[in-house]
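A.B. asks: Keeping their order, the protein sequence lines are chains A and B.
The first sequence: position 341 = 341 (our numbering), numbered continuously.
Positions in the second sequence are counted from 1; adding 367 to them yields our numbering.
One or more hints might be untrue.
[Claimed, not checked] Partner residues aside, some chain B positions facing chain A, computed with beta carbon under 8 Å:
#1 A472
#2 A575
#3 P650
[To be verified] No farther apart than 20 Å at their CA atoms in a straight line, the calculated lysine to aspartate or glutamate pairs in the EDC-like style are these:
#4 A:K103 to B:E568
#5 A:K75 to B:E565
#6 B:K496 to A:D204
#7 A:K132 to B:D534
#8 A:K134 to B:E433
#9 A:K132 to B:E565
#10 B:K496 to A:E299
#11 A:K75 to B:E568
#12 A:K134 to B:E565
Since the hints were made in silico from the structure, they are not lab data.
Ideal Cβ positions, reconstructed from N, Cα and C, are used throughout, including at glycine.
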Amino acid sequence: MSTIQFDAATRQFPGSARPAVDGLNLDIADGEFLVLVGPSGCGKSTSLRMLAGLEEVDEGAIRIGDREVTHLPPKERDIAMVFQNYALYPHMSVADNMGFALKIAGMSKDEIRTRVKEAAAILDLGEFLDRKPKALSGGQRQRVAMGRAIVRNPQAFLMDEPLSNLDAKLRVQTRTQIAALQRRLGTTTVYVTHDQVEAMTMGDRVAVLKDGLLQQVGTPRDLYDRPDNVFVGGFIGSPAMNLVRVVLTTDGAQLGERPVPMKRGVRAALATEGAEDATLGFRPESVEVVAPGQGFPFEVVVVEELGSDSFAYGNLVGHGQEDGTTLLTVRVDARRPPAKGEVIHLRIREGEEHVFSRRTGQRLSAD
Amino acid sequence: MSTATSPRPPAGPADAGSAPAPRTLRRRHTPSLQRQSPLVGLAAWMAGLFFAAPVLWMVLTSFHSETDAATNPPSVAAALTLDGYRSFFGATSGASPWPPLINSATASLVSTALVILLALPAAYALSIKPVRKWTDVLFFLLSTKMLPIVAGLLPLYLFALNTGSLDTIWVLIVLYTSMNLPIAVWMMRSFLAEVPAEMLEAAALDGAGLVTILRRIVAPVAMPGIAATALICFIFSWNELLLAQTLTGVVAGTAPVFLTGFVTSQGLFLAQVCAAATVISLPVLAAGFAAQDKLVQGLSLGAVK
């Protein structure tokens, strides 16, 4: 168990215009569960593979504990990895799969057997130890891959989308199991996923990447409540945050037919920038339905009833959307949802609006 | 066994009784091989027999006497005898077939082992961790097979003469190894290309070095491919005649060279030649059976997903 440090780590693939991972700085505490999340091609898997030693580091450094591992081969890093496709050894039994690393390390047969049995008991694999991987279900193979990692008691676990080959129900179940197992073992874990729900539910902290650049790192709550930029705001949360271009007025901005007041700090920041418009973000649950005349009118196009929640999708009346196709999403009373085609009036709860610069995409909200 | 893809005839006698069963249910059960039409099976057997007939005729003739073997039309139902085998094993001529058989076995087995040992790392460097310009390397390997061996015969002879390796088993081992190596690299490369890269990365993270990965992961997973390659190399070496006849003579002659010795100026002793050919074919057949269970194993089944 160890801390992990990325120090301006950069990976430039030969023949590609920009780095896959660009000056990544990240400090991961001992025992922390850190999730790297982002859309495909954002460099999250490359970052993980750099940490594993499977990808070269062109610039910067990576440290595990006090040891610099930047140019060490994978076998000298004492870390275990769980792959998306599990990468089990097909010609070995489950027990041999799990004990392979220990065998190479020269551990005695008795010791290997004891440790494999312990790990198998934790993962409920006891009865499958003699089977070959092809005789296991997808979920069981996933657990063997986990077992292969935990049996070694390594400095850190690296997981590269380990749940994406499971069906939806098993994925949710296994998600909880992995998080619980990590808390129990207390091993530093770096977990890569493209699924922001997985990131939010599993991570102690979440690091959001885009185009090889770290966008923001923080607790799930931080990312949700205070996204640093438009990308993080739109990426974290489901349904996604509504992002609307608004024209600035003297004391705020114009949203539909209504003015939206803005805090003085935000106005000052926008004025310094010389901006005439800004991006206003608000989460679907940050609005409340009000009487006509007290909020901006919203024309409902589709209503989705999920039981506990209802979401209304629609357009702002009298507010030209840039692409014209993206519907805004608002959460409405699950027991009294509006009808399709109805125009309702909404107000953003005070302090729950997010203002981003149109030019830089950065957050401007003062608090 | 008949092919699985051939279409079922509209009203096969086998499923006449199950006609009232719902259509979807029948669909689910019919694709099994046992339910194929007997006609397809018959055709497959006919084709198989057609191709095996010359071999079967050779085996049959080897058990006939020379007089029965020489008749035209062939006397199929003639009395069986082991005379052909007796004279092959030296009962009449006094020439023992064992030295050439042992020579053949040595040259084939040693060269095959060398080929596999050299081709596995080469294929690794051309598929799993491709070196720079690996396509050029592959083309070079292929290009070595473009010159007919007979065109290189004189230089090879002079080489053997000047190195003092004429009529030794070593010259054959070296030549068979270099003759089969390009084919082996090409075959193994395509087998290794199917080994999932993550599996090797997992082994590297588990602490395995290159040699351990090759020996404990790549070799076992690619075993069907290695078996197929080894079988091909063994067959090619065992059956090779041109080089063996030119470069060996008295001491290091191989089984095919020995076999040609039966075609004498005094006439063809057909039964004896068939007996010799049968015996010399047996090792190849045995190698095929030995490799069979390795060949059918699914490559890397259950490794990923």
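A.B. asks: Against this structure, judge whether each hint is valid.
C.D. replies: Here is how each hint holds up against the structure:
1. A472: 30 Å, violated
2. A575: Result: holds, 6 Å to nearest chain A Cβ.
3. P650: This interface hint is violated because 28 Å lies over the 8 Å limit.
4. A:K103 to B:E568: Roughly 17 Å separates the two Cα atoms, so the pair holds.
5. A:K75 to B:E565: 14 Å, holds
6. B:K496 to A:D204: At roughly 37 Å apart (the allowed maximum being 20 Å), D204 (chain A) and K496 (chain B) break the hint.
7. A:K132 to B:D534: Violated. K132 (chain A) to D534 (chain B) sits at ~50 Å, over the 20 Å cutoff.
8. A:K134 to B:E433: 57 Å, violated
9. A:K132 to B:E565: Given pair K132 (chain A), E565 (chain B) holds - Cα atoms ~18 Å apart, limit 20 Å.
10. B:K496 to A:E299: 58 Å, violated
11. A:K75 to B:E568: The hint holds at about 10 Å.
12. A:K134 to B:E565: Within the cut-off at roughly 17 Å; holds.
Taken one by one, the earlier hints fail for this structure at numbers 1, 3, 6, 7, 8, 10, listed in ascending order.
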